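**Q** Build out the structure end to end from the sequences listed, making use of the hints.
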Amino acid sequence: MNKPSDGSVAISSFHNRLKWAETMLLIVPNEHLTQKQYWKSNLIFDAIQLAIKLGEKFCRHSGFRIISNFGKAAHQSQNHGHLHMISGTPQQKGTSQEKYLDWIGEIGYKTIFQNNDNEIIFMKIGNFESNREMWSSMKIKGLLDHAVLAGEKNFEKGFRIETYFEHDVTSPNLYLTGGSKIPLYI
Numbered sequence: 723m724n725k726p727s728d729g730s731v732a733i734s735s736f737h738n739r740l741k742w743a744e745t746m747l748l749i750v751p752n753e754h755l756t757q758k759q760y761w762k763s764n765l766i767f768d769a770i771q772l773a774i775k776l777g778e779k780f781c782r783h784s785g786f787r788i789i790s791n792f793g794k795a796a797h798q799s800q801n802h803g804h805l806h807m808i809s810g811t812p813q814q815k816g817t818s819q820e821k822y823l824d825w826i827g828e829i830g831y832k833t834i835f836q837n838n839d840n841e842i843i844f845m846k847i848g849n850f851e852s853n854r855e856m857w858s859s860m861k862i863k864g865l866l867d868h869a870v871l872a873g874e875k876n877f878e879k880g881f882r883i884e885t886y887f888e889h890d891v892t893s894p895n896l897y898l899t900g901g902s903k904i905p906l907y908i
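In my numbering, each residue's number is its place in the sequence shown (first place is 1) plus 722.
Quick caveat, the hints were computed from the structure, so don't treat them as lab data. Heads up, a few of these hints could be off.
The calculated DSS-like cross-link candidates involving lysine-lysine, where the alpha carbons are at most 27 Å apart (straight line), are [claimed, not checked]:
id, residue 1, residue 2
1, Lys779, Lys875
2, Lys879, Lys775
3, Lys758, Lys879
4, Lys762, Lys861
5, Lys758, Lys861
6, Lys863, Lys775
7, Lys832, Lys863
8, Lys779, Lys879
9, Lys863, Lys879
10, Lys861, Lys779
11, Lys779, Lys832
12, Lys775, Lys762
13, Lys861, Lys832
14, Lys762, Lys863
15, Lys863, Lys779
16, Lys875, Lys775
17, Lys861, Lys875
18, Lys762, Lys879
19, Lys875, Lys863
20, Lys758, Lys863
21, Lys875, Lys762
22, Lys758, Lys775
23, Lys832, Lys879
None of these values were measured; they are calculated from a predicted model.
**A** Here it is in structure tokens:
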């Protein structure tokens, strides 16, 4: 794992003390940042790249997810900014999210689930071939900024940002889940 040894390391990763999945890692900034500050900082890009590398190392065969919770309704238990890299892929993924997207500039989006308690919005940016390619591009920062703003605007009780990597050709994806009864991420 990446552990700080001096002031030159800006992010660290370590195993989560919770054992809800075969692999659960946390990727955190070494200086205190709130969740919102972390996701709006330039550190988030490096943290995501580290999460992808760790996911490919530890979860190559099972796939993995990168998740971040904002607010109590989304089960955020720590004020310190962090993201999770968790083995396995989501149960409720569909194949038709990319059809009939609405677009704001390069950002495509579509509400794929909605009830009285929650809403799930599928998002992507650009015209990338794979999720790895999209999340490795600096364009992802614009999508993340948009997702955080949409979450804050639409889901005052809390929201979750999530993506998954199942194999080399996983389609580009970001899921924004918000509402009052967001299920646990395992």
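**Q** Now tell me, hint by hint, if it's right for this structure.
**A** Going down the list of hints, with the structure as the test:
Between lysine 779 and lysine 875 the alpha-carbon distance is near 36 Å, which puts this suggested pair outside the 27 Å criterion. Straight-line distance between C-alpha atoms of lysine 879 and lysine 775 comes to about 32 Å, which puts the hinted pair past the 27 Å bound. Straight-line distance between C-alpha atoms of lysine 758 and lysine 879 comes to about 14 Å, which keeps the hinted pair within the 27 Å bound. A distance of roughly 14 Å separates the Cα atoms of lysine 762 and lysine 861; the hinted pair therefore holds under the 27 Å criterion.
With a CA separation close to 19 Å, the supplied pair lysine 758 and lysine 861 stays within the 27 Å bound. The hinted pair formed by lysine 863 and lysine 775 meets the criterion: a straight-line CA distance of about 18 Å does not exceed 27 Å. The suggested pairing of lysine 832 with lysine 863 holds, with an alpha-carbon distance near 19 Å, which does not exceed 27 Å. Distance restraint check for lysine 779 and lysine 879: the Cα-Cα separation of roughly 35 Å exceeds the 27 Å cut-off, and the hinted pair is therefore not satisfied.
Simply put, lysine 863 and lysine 879 have alpha-carbon atoms about 24 Å apart, close enough for the 27 Å limit, and the pair holds. At roughly 24 Å between alpha-carbon atoms, lysine 861 and lysine 779 fall within 27 Å of each other, so this suggested pair holds. With a C-alpha separation of about 32 Å, the suggested pairing of lysine 779 with lysine 832 is violated against the 27 Å cut-off. At most 27 Å may separate the alpha-carbon atoms for a hinted pair to count; lysine 775 and lysine 762 meet this at roughly 21 Å.
A hinted pair counts as satisfied when its Cα atoms are at most 27 Å apart, and lysine 861 with lysine 832 qualifies at roughly 19 Å. Distance restraint check for lysine 762 and lysine 863: the Cα-Cα separation of roughly 8 Å lies within the 27 Å cut-off, and the hinted pair is therefore satisfied. Note on lysine 863 and lysine 779: the hinted pairing holds, with a Cα-Cα distance of about 24 Å set against a maximum of 27 Å. Between the alpha carbons of lysine 875 and lysine 775 the distance comes to roughly 32 Å, so the proposed pair goes past 27 Å and is violated.
Between lysine 861 and lysine 875 the CA atoms are separated by roughly 22 Å; this keeps the pair inside 27 Å, and the hint holds. Straight-line distance between C-alpha atoms of lysine 762 and lysine 879 comes to about 19 Å, which keeps the hinted pair within the 27 Å bound. Annotation: proposed proximity of lysine 875 to lysine 863 holds, straight-line Cα distance about 18 Å (limit 27 Å). Annotation: proposed proximity of lysine 758 to lysine 863 holds, straight-line Cα distance about 13 Å (limit 27 Å).
Between lysine 875 and lysine 762, the direct Cα distance comes to roughly 15 Å. Compliance with the 27 Å bound is thereby established for this hinted pair. Simply put, lysine 758 and lysine 775 have alpha-carbon atoms about 23 Å apart, close enough for the 27 Å limit, and the pair holds. With a CA separation close to 21 Å, the supplied pair lysine 832 and lysine 879 stays within the 27 Å bound.
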